[in-house]
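S.K.: Start from the sequences and build out the full structure, keeping to the hints where you can.
Residue numbers (the working numbering), protein chains in the order written: chain A, 1 to 343; chain B, 1 to 343; chain C, 1 to 343; chain D, 1 to 343.
Just to be clear, a hint being listed does not mean it is correct.
All copies of an identical chain are treated as equivalent in the list; a pair is satisfied when it fits inside any one copy or across any two copies.
[What the hints assert, rightly or not] Think about it this way: if two alpha-carbon atoms lie no more than 25 Å apart in a straight line, the pair counts; the simulated SDA-like pairs of lysine to any residue are: (1) Lys-6 / Glu-339; (2) Lys-120 / Asn-292; (3) Lys-260 / Glu-41; (4) Lys-40 / Arg-193; (5) Lys-119 / Val-303; (6) Lys-260 / Gln-48; (7) Lys-111 / Leu-163; (8) Lys-260 / Tyr-207; (9) Lys-6 / Ala-110; (10) Lys-260 / Pro-54; (11) Lys-111 / Arg-214; (12) Lys-6 / Asp-173; (13) Lys-111 / Thr-14; (14) Lys-189 / Asn-292; (15) Lys-7 / Ser-71; (16) Lys-120 / Ser-71; (17) Lys-260 / Ser-212; (18) Lys-189 / Arg-23; (19) Lys-120 / Ala-81.
Keep in mind the hints are simulated off the structure, nothing from the lab. These numbers were taken from a predicted model, which means no experiment stands behind them.
Number of protein chains: 4
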Amino acid sequence: MTEQTKKIGIVGATGYTGEELLRVLARHSGVKVAFVTSEKEQGQPVQQVFPQLPAYRGLRFISASEATSQSVDLVFLCLPAGESAPLAQPFSENGVKIVDLGSDFRFYDAKVYEQWYGKKHPAPALLSETVYGLPEWNREQIRGARYVGNPGCYPTSILLALLPFYRQGILPDNTLVIDSKSGVSGAGKTPSRITHYVEVNESMKAYMPGRSHRHVGEIEQELSRFANQAVNILFTPHLVPMSRGIFSTIYMPLQQQVSKQDLLQILHAAYDQEPFVHILDAAIPSTAMAANTNNCFIGLNVVESANHVILFSAIDNLGKGASWQAVQNMNIMLDFDEEAGLI
Amino acid sequence: MTEQTKKIGIVGATGYTGEELLRVLARHSGVKVAFVTSEKEQGQPVQQVFPQLPAYRGLRFISASEATSQSVDLVFLCLPAGESAPLAQPFSENGVKIVDLGSDFRFYDAKVYEQWYGKKHPAPALLSETVYGLPEWNREQIRGARYVGNPGCYPTSILLALLPFYRQGILPDNTLVIDSKSGVSGAGKTPSRITHYVEVNESMKAYMPGRSHRHVGEIEQELSRFANQAVNILFTPHLVPMSRGIFSTIYMPLQQQVSKQDLLQILHAAYDQEPFVHILDAAIPSTAMAANTNNCFIGLNVVESANHVILFSAIDNLGKGASWQAVQNMNIMLDFDEEAGLI
Amino acid sequence: MTEQTKKIGIVGATGYTGEELLRVLARHSGVKVAFVTSEKEQGQPVQQVFPQLPAYRGLRFISASEATSQSVDLVFLCLPAGESAPLAQPFSENGVKIVDLGSDFRFYDAKVYEQWYGKKHPAPALLSETVYGLPEWNREQIRGARYVGNPGCYPTSILLALLPFYRQGILPDNTLVIDSKSGVSGAGKTPSRITHYVEVNESMKAYMPGRSHRHVGEIEQELSRFANQAVNILFTPHLVPMSRGIFSTIYMPLQQQVSKQDLLQILHAAYDQEPFVHILDAAIPSTAMAANTNNCFIGLNVVESANHVILFSAIDNLGKGASWQAVQNMNIMLDFDEEAGLI
Amino acid sequence: MTEQTKKIGIVGATGYTGEELLRVLARHSGVKVAFVTSEKEQGQPVQQVFPQLPAYRGLRFISASEATSQSVDLVFLCLPAGESAPLAQPFSENGVKIVDLGSDFRFYDAKVYEQWYGKKHPAPALLSETVYGLPEWNREQIRGARYVGNPGCYPTSILLALLPFYRQGILPDNTLVIDSKSGVSGAGKTPSRITHYVEVNESMKAYMPGRSHRHVGEIEQELSRFANQAVNILFTPHLVPMSRGIFSTIYMPLQQQVSKQDLLQILHAAYDQEPFVHILDAAIPSTAMAANTNNCFIGLNVVESANHVILFSAIDNLGKGASWQAVQNMNIMLDFDEEAGLI
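M.R.: Written out as structure tokens, the structure reads:
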């Protein structure tokens, strides 16, 4: 275990994932936030932008370009697609480890990135060194990684529920249907028609249905990797009137009859030693269970007459779905207790 | 068109569907509410129980047993399963028409009722005279019916989206997956852990998944009837932190490639003459669109690579999903303009 | 009563008050919406911008400059401060009556407008002809008015509760404290940090406290006019996580002991003949009671030991607080039944 | 500082304050929860009742009568008025320290308790030993106390804002008006009409206005004690559609002109060394700032023309308003770092 205080930087710290990182890191006794960047707020005290975070008295936002020369142990990047990779390189050259909460380091193949993001990857050479930061499934690679691509919120909820089965060759007999529901913080902090209170409140709807959401690429990459074969999904996200939380309902047609007991056992075998993934044997999780934590709760229902298992997975999109999982990755990369700051 | 004011009664008028009926009927120039019943509030002025409904000054709740002898034109029954049918009979013997917002008159076969409700139907003989009250599909039978079973909220949203296809033989190639999301008023007015504000707010979850919710029976009955063959579904309802609204996402695997244009045309052919069902050619509906109305909005997305159509259907569960649809049925049964009071 | 269909225009029809006007007018059998304007959406079908309003099939947004030449009976102006008056004049010259939902016609004295809005009134000459559109208190002047300034949402809730007392010389002995709470639609439809779902949800706070909100001017103008003396208030509005509704809590120190019975009688005398103002003798109103209606509910509590009466007033800020009251004004100005379309 | 792990019990652990205590204590490295009681859930594993709290694997609910004989260092009592004191005594006789989150230990005078709670105090003799558990104002007495009465949620928000002034003799010139707004968890976990999601959502209202809420007694006791004279208040609480948070708006008429700068300085002098009370010099706090923390945020506005200061105070009603403050008290009583577990 690390004894010495490690220095941490956050690039793009004014959005929801940046704020949540600050909240979590304030509880982590092994780290000190050395800098936070914001192009818009540079020069401003953190306390003015986030009065709710009194722990950061004295810290001021700086620009990203000022930050790259700073000597820290690890940097979290909270930037839009295409902006992380160019910044990651100069940090990395100074020996700084990178956890990217955006999407630039989530793909092993730049072509897949281009297919889903509609633009060239800004630094494809780096992808040979990146690790998909889902600790329960890639822990050892994360430990030594220079670049970790922190998973998307929807993919985290879905992969944690499916990977135990895919790894064992329990694959859907037919189209896998994933119906996910997200709180509004997943849409980011920039004000828009979509996130206006009156438009969201007392309303819900689907968006980017079928195969149009970018997270499809990420989900299929990891499912295929663990299944050792190419797999495809149908994925429809929905916007729900709540601030935080993702609930994924996964309809998996089974190739052969498998009992609920057997399916539960597969989940337990995968996660009983894990601190943050919890199997509910006889209940359906809710997003509230996971709110403000790094936990994922998974339940299931077997419909024998239809030869289907329905999986339920609940996380906090800013928790296990973003910033808390990013700190879990940091804990692994910097040799802290994996639960440090996350309880 | 009816010229004369018709007299209306409401049995079980203190719940959410009863209150909503009172709200709608206050706007209907052709009717007068002659009585409202409540065992708990009998003797109380409506205005004390519902100060928000000043139109009913002077009216007091009476008991159901007092009501059955009253001479009215039509009665709405807002009662739990098993309680409507016994009360319907004495009203009907006096020539009173019945719209039941409960489930006793939604099935043609008492055995199907028993299968889904876990108890004997209280008056199976009446089922030969009942009509499933989905006006867009059963209008002519509703017109002359003595008993109309007003559809459940989930079934309304789902059947309106699927029946145009099932009627034409466009059936799912494989398991049809329906993922529905409901506001909390659908859970009724009785306080419980489930409906406590703090339990619902900032949370969402599935309940009664797969084939365990009672509405499965009703949905399969009508789908099978119009498809002329037995059909089965997977149906998972979810509770969402909002008061009103149902959003159904329906994943239908197609037997053969059908274009979006063709599918839209089928929907338009079914509903372009209908005042309350609206097809969105290029958008996904939201529940807010339908709030406080009798409207249903339907959209769709075709995923060619997966040979699926995803249907989206949004209603207000107390609107088209309950009380407003009940008034639409009343309008048909009493020969009013079908839109009277519903705009 | 008017027999013939009247033609109505709405300028600035894409905001929340415009949309609500369209919703209400669709139920009004005596009017036809002849035009709606929007600089941003000009040329677009209403149905594309508001799919939730199927009644307006065929209508398209035009620009305000195109509208002024149209021959209609009455125009609703839904524009920011300073933009209504310049447009009102050309309409008025064509004999069109004006109901302004903005603030340009709420003041009798251009200096008072300037004091609260921080800019010159754009057409002070028109103010001699304007009427403050609170029908319960200015009905006769509204009937013949060319210009009606529809009251602000906070002022409506506050004036309806206080004017019965001020008119009778029952004035506060000391500083009158008004603590109001508003839903978010009152902040308008333009996306901003303030109206972002995640900022509003699960949060509440005061804003523009004391004497800094513009509505203070309007409230004091009308209180002073009916009290026949200059009066001052303390007014602190709050933003509450709900879409609609205003709740005002008014703390009035009494000059002399007055019983609850006497105070209630004053309210009843003022409003028992009014269709939209309802006195609760023994309960405290809630905003939900008034949602989606033109109603105002008033309750009170007398604290004898402190010689105070606490008044409670609840409205829908888009209902009696804006668009529904605007239609009430229209009904008076065009000689319709005052309740037409508003039940 | 304490080195050794202390043993803690929670009586009445299934309500919202009990659950929140469990959540906070899981992060406190110096304590171990030795028992939790619930008459209703006795025998059940904590994990079944609270699957969201995986830290308590292995712990089961026991009955309160089983608990009293257990050897622990401190017990939190989360019980209704009148039930804490009888249980506190047997614990105390075993040397167990008590933090009562109910109201039995908040009063120094049993008569005042009786006046506000409408019943005899169950153990008036204990009141000579109790301390009102507001650490910023009674820290030294808390340190040695056997019984600490953890303050009510409203009183905490109000007293923290007012005591700095009252202590210095800056008292209201006239009636002090306090208008408070609370989230719904303050109403407790028992399902009722009041807490039904559909009744609360999209609604707000006042309740128990003026001088009828029980917290008035507690607020006046502490204000009077620090002012060295009897003081009276007007206090109106409101229910707001959010789960957590209290916002108090306090209207204080000043006896003499005092500048904003002077008032701010008094607040800073009182709290700049305090870890949990934060003064906003130039902003108004919101409840969201304090959510899930032990923080209180205070802001103010001076209205010179009306000679008033308006104070704003925001806390989390389950945080500084209940369970987190209870842990702060525990930290003082057991000689932990006062911030332990509370960051």
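S.K.: Now look at each hint and say whether the structure bears it out.
M.R.: These are the hints, each one checked on the structure:
no. : hint              : result
1   : Lys-6 / Glu-339   : both (16 Å within a copy, 22 Å between copies)
2   : Lys-120 / Asn-292 : neither (35 Å within a copy, 42 Å between copies)
3   : Lys-260 / Glu-41  : neither (53 Å within a copy, 28 Å between copies)
4   : Lys-40 / Arg-193  : both (22 Å within a copy, 14 Å between copies)
5   : Lys-119 / Val-303 : between (42 Å within a copy, 23 Å between copies)
6   : Lys-260 / Gln-48  : between (52 Å within a copy, 19 Å between copies)
7   : Lys-111 / Leu-163 : within (23 Å within a copy, 42 Å between copies)
8   : Lys-260 / Tyr-207 : between (32 Å within a copy, 17 Å between copies)
9   : Lys-6 / Ala-110   : neither (32 Å within a copy, 54 Å between copies)
10  : Lys-260 / Pro-54  : between (48 Å within a copy, 23 Å between copies)
11  : Lys-111 / Arg-214 : within (13 Å within a copy, 47 Å between copies)
12  : Lys-6 / Asp-173   : neither (48 Å within a copy, 54 Å between copies)
13  : Lys-111 / Thr-14  : neither (31 Å within a copy, 42 Å between copies)
14  : Lys-189 / Asn-292 : both (18 Å within a copy, 20 Å between copies)
15  : Lys-7 / Ser-71    : within (8 Å within a copy, 43 Å between copies)
16  : Lys-120 / Ser-71  : neither (30 Å within a copy, 56 Å between copies)
17  : Lys-260 / Ser-212 : between (32 Å within a copy, 16 Å between copies)
18  : Lys-189 / Arg-23  : within (16 Å within a copy, 28 Å between copies)
19  : Lys-120 / Ala-81  : within (10 Å within a copy, 47 Å between copies)
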